[in-house]
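If you read the sequences in order, they're chains U and F.
Taking my numbering, the leading residue of the first sequence gets 1, the next gets one more, and so forth.
Taking my numbering, the leading residue of the second sequence gets 201, the next gets one more, and so forth.
Incorrect hints may have been included.
To be verified - Lysine-lysine pairs mimicking BS3-like chemistry, simulated, CA-CA at most 27 angstroms apart: (1) F:K435 <-> F:K265; (2) F:K325 <-> U:K152; (3) F:K269 <-> F:K241; (4) U:K72 <-> U:K197; (5) F:K367 <-> F:K428; (6) U:K157 <-> F:K325; (7) F:K367 <-> U:K157; (8) U:K72 <-> U:K100; (9) U:K152 <-> U:K197.
Worth flagging that the hints you see were computed from the coordinates, not collected in a lab.
Take a look at the letters that make up each chain.
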Amino acid sequence: MKTYIHLTLIVILSFLLFGCYNEKDFELNQSVFIEDSLYPELPIYSEWGYNTFGVYIDRKPFVSREYITPVKVIVKSDTLHFNLNGTFNGKQTSLKFSIKGYSPNNHDELSVLNDVRINLSGENVETYFTNGDTTYHLDILDGEIHFKKFQKLMVDKEFMKSILSGTFKFRTVLNNEPTAFANGRFDLGIGYDNFFKFNN
Amino acid sequence: MKKILLSFLVLSVGVSSYAQRNCSIHLSVDGLGVGAIDGTKENLWDIRQTFDSHSSYESDYLTSKSLIKYLSIKPEFRFSDKLSLYTGLQYTYMRNCFLGEYENGFFYVRSNQNAEYETNLFRLKNIEETAGYLSIPIEVKYTPLRFQGFNFYGRLGLDFGVNVHSKRSAEFFQAEMQQYEADVLNIVPFSPNKLLVTTYVGIGMGYKFTNGVTLSADMPTVKRILTKKHSSIIKVDFLTGIQLSLSIPLINKESKE
Numbered sequence: 001m002k003t004y005i006h007l008t009l010i011v012i013l014s015f016l017l018f019g020c021y022n023e024k025d026f027e028l029n030q031s032v033f034i035e036d037s038l039y040p041e042l043p044i045y046s047e048w049g050y051n052t053f054g055v056y057i058d059r060k061p062f063v064s065r066e067y068i069t070p071v072k073v074i075v076k077s078d079t080l081h082f083n084l085n086g087t088f089n090g091k092q093t094s095l096k097f098s099i100k101g102y103s104p105n106n107h108d109e110l111s112v113l114n115d116v117r118i119n120l121s122g123e124n125v126e127t128y129f130t131n132g133d134t135t136y137h138l139d140i141l142d143g144e145i146h147f148k149k150f151q152k153l154m155v156d157k158e159f160m161k162s163i164l165s166g167t168f169k170f171r172t173v174l175n176n177e178p179t180a181f182a183n184g185r186f187d188l189g190i191g192y193d194n195f196f197k198f199n200n
Numbered sequence: 201m202k203k204i205l206l207s208f209l210v211l212s213v214g215v216s217s218y219a220q221r222n223c224s225i226h227l228s229v230d231g232l233g234v235g236a237i238d239g240t241k242e243n244l245w246d247i248r249q250t251f252d253s254h255s256s257y258e259s260d261y262l263t264s265k266s267l268i269k270y271l272s273i274k275p276e277f278r279f280s281d282k283l284s285l286y287t288g289l290q291y292t293y294m295r296n297c298f299l300g301e302y303e304n305g306f307f308y309v310r311s312n313q314n315a316e317y318e319t320n321l322f323r324l325k326n327i328e329e330t331a332g333y334l335s336i337p338i339e340v341k342y343t344p345l346r347f348q349g350f351n352f353y354g355r356l357g358l359d360f361g362v363n364v365h366s367k368r369s370a371e372f373f374q375a376e377m378q379q380y381e382a383d384v385l386n387i388v389p390f391s392p393n394k395l396l397v398t399t400y401v402g403i404g405m406g407y408k409f410t411n412g413v414t415l416s417a418d419m420p421t422v423k424r425i426l427t428k429k430h431s432s433i434i435k436v437d438f439l440t441g442i443q444l445s446l447s448i449p450l451i452n453k454e455s456k457e
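Isolated chain U (complex conformation) (with noise of 0.2 angstroms):
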């Protein structure tokens, strides 16, 4: 009898503890979309980590989506992939960065990105266009990514995750069409679920 009243006290604490951790994850993991007043159909650029990024593709929206991870930050040996997840045209589309020369081991290493600009036509970077099935490999003309703030998000004292923000922009040729992505704007937050090394 005491052993049952035990095992259902522990599964009771279990599920409070277990909720008290979903319920702040929860509400941070959102995206939290506020119209631009200046850019229509993309996010305003914040920095609370609001889950969001938008660009506009020769003036076509491409933006994150509540259903869809906006982001994953994956490394691999000593190459940082910053993968950007959304919708365009109504299909699914990814948009990637990939930066030699980061690898930050965990997501609150990520400080390393702090008001970093990084010049997209430079040999240390790939970018990777991915609209439904297709994937291009990005011939940047010219442009830059800044990453212009890293913070640790606490909550009550807690470390929760980490709040990349920072704008884009590049010209590049897509299918053979020269091709602006203008205007672009992240405020991610990034944590256990969308982090992800790689050692080799």
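Put chain F on the given structure of chain U with help from the hints.
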């Protein structure tokens, strides 16, 4: 503004002195029955938004609420059937708060005490500010029509008050964090304005009982708050509502009603 207020005060004191020798005196108790507030949210607090402008149903886990109530006791100096002057004491209570709503029941406020690369959010159930003011109202009431015990009137007034108490509090979502309440309140250090000045107008009707007691309702009464900075949460501009009054005769020098 100061000249107008001073003139009003001198005139009222003079008139009330005259009134005490030449008219009947009633005691009036007024209170706000039901009211609506017109104001705007202040942007002093750094609060994480929760609504998604792309969703079909805009959900906002944060609500701001404002409550104002007042009660006054005013001697009424009735010069004639039509004209009365009031002055006395009024207590006004203001309460403004941010509240977390819906299933979550909390909202996030950003601290301004952050180390390098750190952002601290506090998860709160509410932030509340209350203030009480004691005022001297000065009011003129004109009753152009009396009929079968009913009277119809308009009134115009001004009141000047001072702050007599105020309190701020923040309630955390997790009880063990309550020790950091001062850290939250220090994000926006604030004291309410020591003075409260309002003007108001009302139109209404009353009924006089055979014993001389009159029950009235101003529908509506509109009160404009002239002073600012009574709350860090909401800036209240207007209060509109129904004011209820009970008038009891004390000294009756009138020969007829």
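Structure-based check of all given hints:
{"no.": "1", "hint": "F:K435 <-> F:K265", "verdict": "holds, 11 angstroms"}
{"no.": "2", "hint": "F:K325 <-> U:K152", "verdict": "holds, 23 angstroms"}
{"no.": "3", "hint": "F:K269 <-> F:K241", "verdict": "holds, 19 angstroms"}
{"no.": "4", "hint": "U:K72 <-> U:K197", "verdict": "holds, 11 angstroms"}
{"no.": "5", "hint": "F:K367 <-> F:K428", "verdict": "holds, 17 angstroms"}
{"no.": "6", "hint": "U:K157 <-> F:K325", "verdict": "holds, 16 angstroms"}
{"no.": "7", "hint": "F:K367 <-> U:K157", "verdict": "holds, 26 angstroms"}
{"no.": "8", "hint": "U:K72 <-> U:K100", "verdict": "holds, 16 angstroms"}
{"no.": "9", "hint": "U:K152 <-> U:K197", "verdict": "holds, 19 angstroms"}
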